[in-house]
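Participant: Note that the protein sequences, when read in sequence, are chains H and E. Residues in the first sequence are numbered consecutively from 2, following the working numbering. Residues in the second sequence are numbered consecutively from 10, following the working numbering.
Hints are supplied without guarantee of correctness; some may be wrong.
Result set (DSBU-like, lysine-lysine): computed pairs, CA atoms no more than 35 Å apart in a straight line [stated by the list, open to error]: (1) H:K12 <-> E:K504; (2) H:K102 <-> E:K159; (3) E:K159 <-> H:K193; (4) E:K495 <-> E:K567; (5) E:K551 <-> E:K495; (6) E:K161 <-> H:K102; (7) E:K551 <-> E:K161; (8) H:K193 <-> E:K13; (9) E:K487 <-> E:K590; (10) H:K245 <-> E:K159; (11) E:K460 <-> H:K12; (12) H:K245 <-> H:K196; (13) H:K12 <-> E:K161; (14) E:K455 <-> H:K193; (15) H:K193 <-> E:K64; (16) E:K567 <-> E:K551; (17) E:K567 <-> E:K455; (18) E:K490 <-> E:K590; (19) E:K567 <-> H:K196; (20) H:K196 <-> E:K159; (21) H:K12 <-> E:K298; (22) E:K490 <-> E:K460; (23) E:K495 <-> H:K196; (24) E:K161 <-> E:K431; (25) H:K79 <-> E:K354; (26) H:K243 <-> H:K193; (27) H:K243 <-> E:K159; (28) E:K354 <-> H:K102; (29) E:K590 <-> E:K64; (30) E:K455 <-> H:K12; (31) E:K314 <-> E:K298.
In case anyone wonders, no lab produced these hints; they're calculated from the structure. From a predicted model like this one, the values you see are computed outputs, not experimental measurements.
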Amino acid sequence: MATRTVQFEIKRQASPDAPAIWENFELEWRPGMNVISAMMEIAANPVTADGRETTPITYDSNCLEEICGSCAMRINGKARMACSALVDNLEQPIRVEPLSKFPLVRDLQVDRSVLFDNLMAVKAWVPVDGTYDLGSGPRVFPQQQEASYPLSNCISCTCCMEVCPQFNLDTGFVGAATIAQVKLFNDHPTGKVFKEDRLRALAGDGGIQECGFAQNCVEVCPKNIPLTNAISDISRDVLLQKAKDFLRG
Amino acid sequence: MAPKIIVVGGGLAGLAAVIKIAEAGGSVDLFSIVPVKRSHSVCAQGGINAAKNLKGEGDTTDKHFDDTIYGGDFLANQTPVKAMCEAAPAIIDLLDRMGVPFNRTPEGLLDFRRFGGTLYNRTAFAGATTGQQLLYALDEQVRRHESDGKVKKYEGWEFLSAVIDSKGVARGITALDLRTMELRSFPADAVILATGGTGALFGKSTNSVICTGSAQSAVFQQGVYFGNGEFIQVHPTCIPGEDKLRLMSESARGEGGRVWVPRAAGDARPVEQIPASERFYFLEEWYPKYGNLVPRDVATRAIHKVVYELGLGLDGQPMVYLDLTHIDRATLNRKLEGILEIYEKFVGVDPRDHPMKIFPGVHYTMGGLWVDFNQMTNIPGIFAAGECEYQYHGANRLGANSLVSCIFGGFRAGPNALNYAKSLPASEGDGGHAAELARQAEINAKLLNNKGTENPFRLWRELGATMTEHATVIRYNKGLKQADEKVVELLDRYKNVNLSDRSQWANTSFAFARQLKNMLELSRVVAQGALLRDESRGAHYKPDFPDRNDERFLKTTKASFTGSAEGPRFEYEEVDTQFIKPRPRRYDATK
Numbered sequence: 002m003a004t005r006t007v008q009f010e011i012k013r014q015a016s017p018d019a020p021a022i023w024e025n026f027e028l029e030w031r032p033g034m035n036v037i038s039a040m041m042e043i044a045a046n047p048v049t050a051d052g053r054e055t056t057p058i059t060y061d062s063n064c065l066e067e068i069c070g071s072c073a074m075r076i077n078g079k080a081r082m083a084c085s086a087l088v089d090n091l092e093q094p095i096r097v098e099p100l101s102k103f104p105l106v107r108d109l110q111v112d113r114s115v116l117f118d119n120l121m122a123v124k125a126w127v128p129v130d131g132t133y134d135l136g137s138g139p140r141v142f143p144q145q146q147e148a149s150y151p152l153s154n155c156i157s158c159t160c161c162m163e164v165c166p167q168f169n170l171d172t173g174f175v176g177a178a179t180i181a182q183v184k185l186f187n188d189h190p191t192g193k194v195f196k197e198d199r200l201r202a203l204a205g206d207g208g209i210q211e212c213g214f215a216q217n218c219v220e221v222c223p224k225n226i227p228l229t230n231a232i233s234d235i236s237r238d239v240l241l242q243k244a245k246d247f248l249r250g
Numbered sequence: 010m011a012p013k014i015i016v017v018g019g020g021l022a023g024l025a026a027v028i029k030i031a032e033a034g035g036s037v038d039l040f041s042i043v044p045v046k047r048s049h050s051v052c053a054q055g056g057i058n059a060a061k062n063l064k065g066e067g068d069t070t071d072k073h074f075d076d077t078i079y080g081g082d083f084l085a086n087q088t089p090v091k092a093m094c095e096a097a098p099a100i101i102d103l104l105d106r107m108g109v110p111f112n113r114t115p116e117g118l119l120d121f122r123r124f125g126g127t128l129y130n131r132t133a134f135a136g137a138t139t140g141q142q143l144l145y146a147l148d149e150q151v152r153r154h155e156s157d158g159k160v161k162k163y164e165g166w167e168f169l170s171a172v173i174d175s176k177g178v179a180r181g182i183t184a185l186d187l188r189t190m191e192l193r194s195f196p197a198d199a200v201i202l203a204t205g206g207t208g209a210l211f212g213k214s215t216n217s218v219i220c221t222g223s224a225q226s227a228v229f230q231q232g233v234y235f236g237n238g239e240f241i242q243v244h245p246t247c248i249p250g251e252d253k254l255r256l257m258s259e260s261a262r263g264e265g266g267r268v269w270v271p272r273a274a275g276d277a278r279p280v281e282q283i284p285a286s287e288r289f290y291f292l293e294e295w296y297p298k299y300g301n302l303v304p305r306d307v308a309t310r311a312i313h314k315v316v317y318e319l320g321l322g323l324d325g326q327p328m329v330y331l332d333l334t335h336i337d338r339a340t341l342n343r344k345l346e347g348i349l350e351i352y353e354k355f356v357g358v359d360p361r362d363h364p365m366k367i368f369p370g371v372h373y374t375m376g377g378l379w380v381d382f383n384q385m386t387n388i389p390g391i392f393a394a395g396e397c398e399y400q401y402h403g404a405n406r407l408g409a410n411s412l413v414s415c416i417f418g419g420f421r422a423g424p425n426a427l428n429y430a431k432s433l434p435a436s437e438g439d440g441g442h443a444a445e446l447a448r449q450a451e452i453n454a455k456l457l458n459n460k461g462t463e464n465p466f467r468l469w470r471e472l473g474a475t476m477t478e479h480a481t482v483i484r485y486n487k488g489l490k491q492a493d494e495k496v497v498e499l500l501d502r503y504k505n506v507n508l509s510d511r512s513q514w515a516n517t518s519f520a521f522a523r524q525l526k527n528m529l530e531l532s533r534v535v536a537q538g539a540l541l542r543d544e545s546r547g548a549h550y551k552p553d554f555p556d557r558n559d560e561r562f563l564k565t566t567k568a569s570f571t572g573s574a575e576g577p578r579f580e581y582e583e584v585d586t587q588f589i590k591p592r593p594r595r596y597d598a599t600k
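Looking at chain H on its own, in the form it has when it is part of the complex:
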């Protein structure tokens, strides 16, 4: 019986300055195979479909269960997590490319640290007084918890930024993920102490006004975070804050 195989086309680039090339791989099909397990297979046997020796592919990955947010890449043109990209559900040849909106490091690895910088800029934290024992936290009713929890599920994969037409170096747009975190912390009983600071951070260039409501973000989010609702709510709050700040002079 002939072995069933899977075809991959993977975009390679040895360094940020090196030319990009495509390499083809033909791998033995295995049940439950996903794009990460295919790349593990290539690392164990780094040979292209035409029998040429190559190097293992450089890519980010860690948990392999779509919770750490590491392995975002473009697979058959779609930004998604590679670990949950099951080969059986993908059209072949499976084309794998790095995210396009972030500085390339090597092969499928890109530098997404801009998201963490953005989270710092909007003070995405609850400013507790200290870690010593101050008793229990504020009461939170289940309805509030059920509203916050989905926002808190953001895995920082940056897929929403990759697919956003407005997210690029020219606009400096912070992107949907950061805006959703602003909503999360502004709604928290203690986190809201920085509400005005956060809204002001989103008021200028690169802030929420850059959003063109293309709604690509909410479609691509692997965690189904209500990103467009968060953007609508925060847009309104930013406008109100601007008006308040104007009146206060």
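Given chain H, work out where chain E should sit, using these hints.
Facilitator: What follows is chain E alone, placed relative to chain H:
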């Protein structure tokens, strides 16, 4: 000048240590292979234990302490475990204040659920993504300290070794920039390792890719004792996969999930056509008191027995059902959605409608770097916290105790390291930095220029296969000897390793090959430690020695590196049992 502390690892334990040091005015350099928000703690699902007694059950921290010691088969030193259980309620309060979206009762209080090895609702939870939510809360607090300039992050750097001066005192670390491949040494007054578990020794496990144990092994080879290395937890309920074994949280059973197989071997009827009387709920039958919530080692051995001794695996395959279909969808979504989505995405079947097919998989490293009650190893200035050290879980960890032990350990290691650093005399000369850098540069050059034929990823697969076969659920001395011999063979073949990639930019093969050497050295600690322990205790089970033997083995295993062909040297240390007298551990009868 404020003392400089290096923390290696940005999971719960590392971040907890960072926060305490920053708060106390220390200065921290935080090293992590991945951005810390992507650390393995993110994978923890079911919850975190604390005896808050919010369900009117009369739960106390003493009962939590007793359950933990009993669950760990009396191998853990009792003083630190007692302190952890007493601190746990305040840790939950703190996490709550930091904004962790814990599930709530209608009154707005924290909700709690049951977990394995206890009869109390003691586990606070945020859906079924508790580890993610806890990690994010600490990540946010660290980002806050980072913005205040108290913390400097080195993300994308891998720890290679400790820098140890001529008096045997730690003075910093060496690390590798995984992008530029730059090797550098970093001075510090104390170093805290919080580098997680060692799942990669077994090839596929529930652990993340970075959980190789490489950092622990590196300092072990520099003289740190490794404690209880033979104790490896195999989690009863995982989804088998090509690239990893995905965890299916114990919380599924905590919320009422039932484990079963058809009573008749080879029964191929669809599930809904199998009447209750023809279903074998073996955990409930064998362990009526704890039922599906027996500790993990007990549940894992029961599944092995059903599959391999009774021949009742589903379709003759090594799998059993984990069934949630009797629970209504709204409850499942509110309490377990995260894990149900994992099953749905990776298996393609909705576990709300169909029972899940699961099997045990390597999950947690109870053993680890030996530390004293202050979290310091035997090398002054090297501390350890979290899964990478050995002291809170004995021979078997209870579910939902890992998150609390990580945070508690980090909270202790941080201030203790700072206190230690304050009274540290200045180093003589360069504190050993130049020599250690030279040693590491030589290892790197040799590896890059090696003209061998062995692919490191294939060597690793062979390691995983032999360790999983011989050193997990059921252990025989003959098999353990074979495993150790195989590791020796792999160490020899490693000398002939060939990197398919010799570049000096984001070279993942190079980083992996360095990890692999450390994995091999640590595997000998596991295999030989298991070989020497001729008894059964917690997760360590030998059919040829089925009983616990307190007289000979109520002792902590301490392995030290020798560099000789025979492998590590082993010695044994008395266990602190001053609070709870060891008694037989039987979950089929009343405790």
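Participant: Give a verdict on every hint.
Facilitator: Verification of the hints:
no.: 1; hint: H:K12 <-> E:K504; result: holds (32 Å)
no.: 2; hint: H:K102 <-> E:K159; result: holds (31 Å)
no.: 3; hint: E:K159 <-> H:K193; result: holds (24 Å)
no.: 4; hint: E:K495 <-> E:K567; result: holds (22 Å)
no.: 5; hint: E:K551 <-> E:K495; result: holds (20 Å)
no.: 6; hint: E:K161 <-> H:K102; result: holds (26 Å)
no.: 7; hint: E:K551 <-> E:K161; result: violated (47 Å)
no.: 8; hint: H:K193 <-> E:K13; result: holds (33 Å)
no.: 9; hint: E:K487 <-> E:K590; result: holds (34 Å)
no.: 10; hint: H:K245 <-> E:K159; result: holds (34 Å)
no.: 11; hint: E:K460 <-> H:K12; result: holds (28 Å)
no.: 12; hint: H:K245 <-> H:K196; result: holds (13 Å)
no.: 13; hint: H:K12 <-> E:K161; result: holds (34 Å)
no.: 14; hint: E:K455 <-> H:K193; result: violated (55 Å)
no.: 15; hint: H:K193 <-> E:K64; result: holds (30 Å)
no.: 16; hint: E:K567 <-> E:K551; result: holds (20 Å)
no.: 17; hint: E:K567 <-> E:K455; result: holds (31 Å)
no.: 18; hint: E:K490 <-> E:K590; result: holds (34 Å)
no.: 19; hint: E:K567 <-> H:K196; result: violated (52 Å)
no.: 20; hint: H:K196 <-> E:K159; result: holds (24 Å)
no.: 21; hint: H:K12 <-> E:K298; result: violated (56 Å)
no.: 22; hint: E:K490 <-> E:K460; result: holds (31 Å)
no.: 23; hint: E:K495 <-> H:K196; result: violated (60 Å)
no.: 24; hint: E:K161 <-> E:K431; result: holds (20 Å)
no.: 25; hint: H:K79 <-> E:K354; result: holds (17 Å)
no.: 26; hint: H:K243 <-> H:K193; result: holds (17 Å)
no.: 27; hint: H:K243 <-> E:K159; result: holds (32 Å)
no.: 28; hint: E:K354 <-> H:K102; result: holds (27 Å)
no.: 29; hint: E:K590 <-> E:K64; result: holds (29 Å)
no.: 30; hint: E:K455 <-> H:K12; result: holds (30 Å)
no.: 31; hint: E:K314 <-> E:K298; result: holds (20 Å)
The structure fails to meet hints 7, 14, 19, 21, 23 from the earlier list, while all remaining hints are met.
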